[in-house]
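2 protein chains.
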Amino acid sequence: MTSLLRVHNLTVSADGFGAGEGQSLERPFGYADPGEMFAWAGATASWPNRTDPGGSRGLDDYMTRDFGRDIGAEIMGRGKFGPQTGPWEDLDWQGWWGDEPPFGTPVLVLTHHPRPSFTLGATTFHFTDAAPAVALEQARAAAGGGDVRLGGGPTTVRSFLDAGLVDTLHVAECPDVRLGRGSRLWTSPDELEDRYHHEAVPSPSGVVHHLFWR
Amino acid sequence: MTSLLRVHNLTVSADGFGAGEGQSLERPFGYADPGEMFAWAGATASWPNRTDPGGSRGLDDYMTRDFGRDIGAEIMGRGKFGPQTGPWEDLDWQGWWGDEPPFGTPVLVLTHHPRPSFTLGATTFHFTDAAPAVALEQARAAAGGGDVRLGGGPTTVRSFLDAGLVDTLHVAECPDVRLGRGSRLWTSPDELEDRYHHEAVPSPSGVVHHLFWR
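Respectively, the protein sequence lines represent chains A and B. 162 is the number that the working numbering gives to position 162 of the first sequence; each next residue is one higher, with no gaps. 33 is the number that the working numbering gives to position 33 of the second sequence; each next residue is one higher, with no gaps.
Hints were generated in silico from the structure; no laboratory data involved.
What follows is a list of derived Cβ distance ranges for each label pair:
id	chain 1	residue 1	chain 2	residue 2	range
1	B	A39	A	G42	28 to 38 Å
2	A	T119	B	R27	52 to 62 Å
3	B	G104	A	T51	27 to 37 Å
4	B	Q84	A	G42	47 to 57 Å
5	A	A200	B	A39	18 to 28 Å
6	A	A200	B	R214	20 to 30 Å
Covered, in the sense of this in silico footprint (three residues per stretch, anywhere, with C-beta under 8 Å from a C-beta of chain B), are these stretches of chain A:
id	stretch
7	63-76
8	199-209
It should be emphasised that the depicted structure is a prediction, and the values quoted were computed from it without experimental measurement. Ideal Cβ positions, reconstructed from N, Cα and C, are used throughout, including at glycine.
My request is simple: use the sequences and hints to build the entire structure.
Written out as structure tokens, the structure is:
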């Protein structure tokens with residue numbers, strides 16, 4: 001079986017932003033409201049961050065439940081790990097994801113400032129300044145034959161798309177949210193149609209699921 | 001985690017039939033054309049019967065790839081195992097599924113005429129004349145903590161629905177196929193709305209995915 005590079009549950013505004021300007025320790029999504037943008041996912045039974053039983057099992061749940069299937073490692077941009085830029089000033093700060101990060105695999109964090117690896121729960125964070133193609137090789141080596149999830153954010157996903165490395169891509173678009181500035185995936189999903197099959201599937205929850213594969 | 005009873009990829013005509021009249025050894029779906037009805041599933045990358053690489057990875061593939069997730073056992077009606085009725089006349093005939101059945105778990109076949117268990121590949125077939133609730137207990141005991149898939153046909157699914165035992169149900173409706181007579185699931189999906197949440201999701205392939213949960 002081929003090890004695929006997959007993007008899941010990347011949620012963007014109608015104008016293609018995954019986060020608004022002004023990201024900080026307190027506001028990982030800048031001035032965007034994650035409660036509004038991720039409501040579709042938080043309502044599902046399979047949302048990885050869900051702690052109580054229950055939740056919907058319709059179309060949106062098919063999307064969230066695919067998050068962990070056959071995944072052996074994740075790659076994320078530094079901005080998904082934390083808001084800091086430049087050299088690390090506090091190595092005691094171990095990212096936004098708490099004592100039990102929802103990944104449960106090795107995670108490669110892309111940064112120009114590598115730091116020592118550490119483990120939280122079932123997740124081990126590694127840090128690399130490798131370019132996308134090399135980072136993907138490192139992730140595949142860590143994935144034990146499984147697929148690799150590309151976790152975002154939008155800028156990181158865009159760089160792997162532009163390097164021709166992404167095999168499948170799921171983006172949830174919030175048609176009622178416009179952000180104007182921030183971390184952008186695209187101007188329009190049509191941009192990828194020269195390279196990918198594309199289905200746009202409206203969900204009863206109001207988001208539109210864009211599914212791409214090649 | 002609760003062990004769910006799940007139905008996947010049950011494909012029916014616009015008038016609610018999963019198979020036409022006249023089922024036989026040569027025609028498992030009677031006068032219905034399985035090539036037409038299952039074209040949506042056969043085109044996907046994750047269809048369990050696929051032998052070559054490739055296939056689509058859009059909405060329909062989310063449906064077919066969920067077939068095996070966390071499943072520890074299957075329950076099927078006798079008509080999904082073979083077309084015979086009454087006492088078994090040839091125990092050497094081991095069902096429609098070949099040397100490597102696509103289940104890969106224990107399978108309970110519901111029949112008024114139990115026969116000895118046997119194994120083909122990773123699948124072991126057991127035969128039971130238990131009523132639905134008891135058969136479900138048997139399947140859960142065999143599932144090793146996993147979920148149980150209710151494999152069909154439509155008459156079997158209907159009996160488990162009427163016994164209040166089904167937790168999630170995925171039905172693919174072919175809007176352009178009408179069968180008139182045969183093995184029927186429903187007159188209309190609306191029949192289940194008093195007991196289930198229901199989403200109807202049209203696929204670019206032409207089928208409509210009906211998703212039910214409670």
